[in-house]
Amino acid sequence: MPGLTELSRFLERDVPKFIHLAAGRGGRAPFSCRAYACRPEAGQGREHYWIYVRESQWARVQEHVKEEAQMAVLLTSGVDNESYQIKGTYAGVRALNPEDQACLKREQHRIRAALPDMFAPPIGVEASECLAVGLAFESLYVQTPGPQAGAAIAERSRSS
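The numbering used here applies: residue 170 is where the sequence shown begins, and numbers increase by one.
Quick caveat, the hints were computed from the structure, so don't treat them as lab data.
Among the hints, erroneous ones may be present.
[As the list claims (entries may be wrong)] The calculated label-pair distances, taken between Cβ atoms and stated as ranges, are:
{"hint": "1", "residue 1": "P267", "residue 2": "S177", "range": "19 to 25 Å"}
{"hint": "2", "residue 1": "P267", "residue 2": "G195", "range": "33 to 39 Å"}
{"hint": "3", "residue 1": "R203", "residue 2": "P314", "range": "18 to 24 Å"}
{"hint": "4", "residue 1": "A321", "residue 2": "H189", "range": "18 to 24 Å"}
{"hint": "5", "residue 1": "S225", "residue 2": "P267", "range": "20 to 26 Å"}
{"hint": "6", "residue 1": "K235", "residue 2": "H278", "range": "33 to 39 Å"}
{"hint": "7", "residue 1": "G315", "residue 2": "H278", "range": "27 to 33 Å"}
{"hint": "8", "residue 1": "A282", "residue 2": "E232", "range": "33 to 39 Å"}
{"hint": "9", "residue 1": "S297", "residue 2": "N250", "range": "29 to 35 Å"}
{"hint": "10", "residue 1": "A271", "residue 2": "T174", "range": "19 to 25 Å"}
{"hint": "11", "residue 1": "G293", "residue 2": "P267", "range": "18 to 24 Å"}
{"hint": "12", "residue 1": "G319", "residue 2": "S225", "range": "29 to 35 Å"}
{"hint": "13", "residue 1": "A318", "residue 2": "P209", "range": "20 to 26 Å"}
[Unchecked claim] The list that follows gives simulated cross-link-like pairs (lysine to aspartate or glutamate, EDC-like), each with its CA atoms no further than 16 Å apart:
{"hint": "14", "residue 1": "K256", "residue 2": "E307"}
{"hint": "15", "residue 1": "K274", "residue 2": "E298"}
{"hint": "16", "residue 1": "K274", "residue 2": "D183"}
{"hint": "17", "residue 1": "K274", "residue 2": "E181"}
{"hint": "18", "residue 1": "K256", "residue 2": "E324"}
{"hint": "19", "residue 1": "K256", "residue 2": "E237"}
This one's a predicted model, so the numbers in the text were calculated from it and none came from an experiment.
Using N, Cα and C, we set each Cβ at its ideal position, and we do this for glycine too.
Build the full structure now, drawing on both the sequences and the hints.
Structure, rendered in structure tokens:
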């Protein structure tokens with residue numbers, strides 16, 4: 170799907186990423202929390218993303234989530250502000266598997282390599298503290314500051 174190649178390239182960039190997961194329902198303001206990594210997974214004819222959040226943060230976010238609730242993930246490069254927003258629907262939650270743990274470790278390494286002189290560890294989370302929240306892809310938007318900010322670059326066909 171056009172645009173998802175761009176997102177895949179971004180997710181593989183060897184730069185720290187700042188990630189936020191937001192969920193909302195019933196006209197209420199969305200609730201968001203920090204996320205620590207995002208991993209794509211193809212399946213069942215639909216692009217799917219796993220977003221890793223602390224279990225304690227998920228406890229608050231899940232109040233705003235029901236089956237197929239609308240969710241969004243904002244991903245921003247920590248070095249040049251290249252940014253994307255993935256919108257979709259809630260697709261479950263689970264413990265991190267070995268692939269998830271490896272992805273989380275890669276993101277932690279990217280942050281430590283780019284920001285080595287911080288006073289405190291920039292990402293002090295263990296895989297055992299996290300859950301993987303599933304998001305079924307609906308659309309992708311450029312959020313990099315500039316004239317294209319907010320432009321849709323990929324949408325799932327409604328017939329899928």
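How the hints compare with the structure:
Between P267 and S177 the beta carbon distance is about 21 Å. The supplied range of 19 to 25 Å therefore holds. A C-beta distance of roughly 37 Å is found between P267 and G195, which places it inside the suggested range of 33 to 39 Å. For R203 paired with P314, a C-beta distance near 20 Å keeps the hint of 18 to 24 Å intact. Evaluation of the 18 to 24 Å hint for A321 and H189 yields a pass: the beta carbon distance comes to about 19 Å.
Between S225 and P267 the beta carbon distance is about 23 Å. The supplied range of 20 to 26 Å therefore holds. Between K235 and H278, the C-beta spacing of about 35 Å keeps the proposed range 33 to 39 Å intact. Taking the beta carbon of each, G315 and H278 are about 29 Å apart, inside 27 to 33 Å as hinted. At about 36 Å, the beta-carbon gap between A282 and E232 stays in the expected band of 33 to 39 Å.
A beta carbon spacing of about 32 Å between S297 and N250 agrees with the range 29 to 35 Å that was offered as a hint. The hint said 19 to 25 Å for the Cβ distance between A271 and T174, and at roughly 22 Å that hint holds. G293 and P267 have their C-beta atoms about 21 Å apart, which keeps the hinted 18 to 24 Å range intact. Between G319 and S225, the C-beta spacing of about 32 Å keeps the proposed range 29 to 35 Å intact.
For A318 and P209, the hinted distance range of 20 to 26 Å is satisfied, since their beta carbons lie about 23 Å from each other. Of the supplied pair hints, the one linking K256 and E307 holds, its CA atoms being roughly 6 Å apart against a limit of 16 Å. With a C-alpha separation of about 13 Å, the suggested pair K274 and E298 falls inside the 16 Å cut-off, and the hint holds. About 13 Å separates the Cα atoms of K274 and D183, which keeps this hinted pair within 16 Å; it holds.
Taken as a hint, the K274 and E181 pair is honoured in the structure, with Cα atoms around 13 Å apart against an allowance of 16 Å. A C-alpha spacing of about 9 Å is found between K256 and E324, which places the hinted pair at or below 16 Å, so the restraint holds. Restraint check for K256 and E237: satisfied, since their Cα atoms lie roughly 12 Å apart, inside the 16 Å limit.
Checked against the numbered hints above, the structure violates none of them.
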